[in-house]
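Protein sequence lines, in the order shown, are assigned to chains A and B. Residue 1 is where the first sequence starts when you use my numbering, and the numbers rise one by one after that. Residue 422 is where the second sequence starts when you use my numbering, and the numbers rise one by one after that.
Mixed in with the good hints there might be a few duds.
Claimed, not checked - Computed cross-link-like contacts, BS3-like style, restricted to lysine-lysine with a CA-CA straight-line distance of at most 27 Å:
1. A/K412 with B/K600
2. B/K600 with A/K250
3. B/K710 with B/K628
4. A/K413 with B/K628
No wet-lab data here; the hints were simulated from the structure. Quick caveat, the model's predicted, so the values are computed rather than measured.
There are 2 protein chains.
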Amino acid sequence: MSVRNAFYAQSGGVTAVINASACGVIETARQHPTQIGRLLAGRNGIIGALTEDLIDTSQEPEAAIAALRHTPSGAFGSCRYKLKGLAENRAEYTRLIDVFRAHDIGYFFYNGGGDSADTCLKVSQLSAELGYPVQAIHVPKTVDNDLPLTDTCPGFGSVAKYVAISIREAGFDVASMAKTSTKVFVMEVMGRHAGWIAAAGGLAHEKAADAPHLILFPERPLIEEDFLTRVEACVEAHGYCAIVVSEGIKNTAGKFVADAGTHDAFGHAQLGGVAPVIAQLIRDRLHYKYHWAVADYLQRAARHIASKTDVDQAYAVGKAAVEMAIAGKNARMATIIRTGEDPYRWETGEADLALVANVERKMPDDFITPDGYGITEACRRYLKPLIAGEDYPPYRDGLPQYVTLANVSVPKKLAAAFKIG
Amino acid sequence: MSVRNAFYAQSGGVTAVINASACGVIETARQHPTQIGRLLAGRNGIIGALTEDLIDTSQEPEAAIAALRHTPSGAFGSCRYKLKGLAENRAEYTRLIDVFRAHDIGYFFYNGGGDSADTCLKVSQLSAELGYPVQAIHVPKTVDNDLPLTDTCPGFGSVAKYVAISIREAGFDVASMAKTSTKVFVMEVMGRHAGWIAAAGGLAHEKAADAPHLILFPERPLIEEDFLTRVEACVEAHGYCAIVVSEGIKNTAGKFVADAGTHDAFGHAQLGGVAPVIAQLIRDRLHYKYHWAVADYLQRAARHIASKTDVDQAYAVGKAAVEMAIAGKNARMATIIRTGEDPYRWETGEADLALVANVERKMPDDFITPDGYGITEACRRYLKPLIAGEDYPPYRDGLPQYVTLANVSVPKKLAAAFKIG
């Protein structure tokens, strides 16, 4: 096997641990100098490959690469850009080959979710379709936890931990104020299509009195009367009610509750935020004093309270991807396999990328309680190990010390520029 | 000195560390059994005293009291209730004396902010005004950091740390997405009257490129054109713009921006949330893709990332309050005195409660940069030590283990009930 260079890029929404995967890829590649030469990263994901905007990671000192393990976000920049099919946009693929050939890239590591798996699959076919030899391996990442054939997706466990801790803490707060002040608290979390993240809030609910008391899932339509009855019963029983709501919940007509036609005085559609809509419903109908929070990016960037399991798995899939490439594999995704419960055990595995791309894993129906507002024991058993363990970053003067890489550009070798479609 | 019982209550909005003060009060009281008998806590603050709804803290095991140090919220319940003046509502004071006499209460420890200091001061005057011997000592607490005569207020340092960490993490996230996605991020923080909490976000800004790039303070009117020009310049310079906005900012007409007359389609006043208003302004005028977050209670309940300095100070003021009472003092507040910089040093002190009650400490004008969007070196010097150090709670299965006390009621001794005014 001759020494060839490798390309690595981050794709889609970033997470608290995607850089831990980058760390796994780069550190492992550095351990195999007889197979992998330099590892070049795409600046802003695949766009960096198309525009020949490459970063020479070999110029980063070991300590900086090691610090990626505890740094949230995408250190090389990410992007939301999906390659079209070969038939629709052949120019993109011939350009990729031009760039790969100019920089002798024989390995393609793509770190992303479902759309990115599709891009990675298309690159894996360049060899067969256009005769350019390249091995493409996908490194899974998504807070949405919706990739198939892997027990979980790196990035999800840390959001899950953040959400469970946050609703526990806010629940304690509201419990102590409820006598004369706030009685209802609504926390909005991510998950436009699936309730994985909202479900994670349920981990904080260990006894009947514990927050969250109600979870609103995108998998269940919001039936207002039923919901309000339950909020009222909860306030009667526990003195207050703490609610986790997924940004993607819909009403019985199938419309997003966050977009339910409300407008401000200037006629603008009301801006995002389903939490204030739920809070307003409760105010109008039950007249309770309420507070609401929208965690937004805070939840997926919260490296300060990342799950150790998640960090370890993020690193491991990066490492496994490089090892698979060195073993001559192509069109594969590194996966997490659950090999034991109580105690939880896991190892990395691999899946056929063709079976991953564009397949969305839904939350099993039996993970939601029959009443529609909580998680079942099966769900708890699945989620619990994913948030286990803390992996604190180093601090200086009270603030976490995250690394910003030098990100030195590789000199361009191609005369032609390329305009992104 | 004969042995008399003590009363302790939590008042106003709770914090991540008010229970650390409770821990300091209770553990110190237990060390002085020859002066202080039982320590009785008011269930839901002063309301517990008025309604004779008292909790016997002597029934809590040592481990439970020790766990208060790492548990957010108010373990005995808090309330928003301010005693009226003696002339206006003599019935409340005679009732307090009835309850105190029935339970032989000679010490009154009140844990709260400015309004609570006023209540504590009134109780301290019962002895002189109505002949009932009681010593009242105030234990400072408020995330608003607005009590005078103390270097800082326990509760503030932990919110400050949470806000600085959160905007740093979200800033890293947005920086990596900005090429093809979100370019502006707006994070709303507490502080209706003063910008202390918003200013703390500025600690994350160590270099020009660091988030937050702009802070909107309640001390400065929002001048839209100037603000938008700066947002645009920031996106041009750094590729994105991260903004911290205080919930209390006002427009040039002196109106709260969050209440600036916007209504939804049903004619309801728009619900809280200044972050979405700022985001919408940016969308309408600059057309950038944006995200926004409202941290709400998450920021003041975030014990998982409390400042060690804050936890230590919260405990210390509780301890000092008991020691002051034992020393025979009355109408005092325990304070924090800054005795050194570089390295930062502090000790507890005391202040005359008459000089504390109803006095609001403003943020110094020279803590805000001349342009109105950042913090000065003087501000940074003041804030920096307050967020220093981490004080992680214990975890089990990935979740922090916070204590819920048994809160056993003291049998009532009075025949008459009392209706809260």
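Here's how the hints hold up against the structure:
{"no.": "1", "hint": "A/K412 with B/K600", "result": "holds (20 Å)"}
{"no.": "2", "hint": "B/K600 with A/K250", "result": "violated (31 Å)"}
{"no.": "3", "hint": "B/K710 with B/K628", "result": "holds (24 Å)"}
{"no.": "4", "hint": "A/K413 with B/K628", "result": "violated (33 Å)"}
In summary, the numbered hints that this structure violates are 2, 4.
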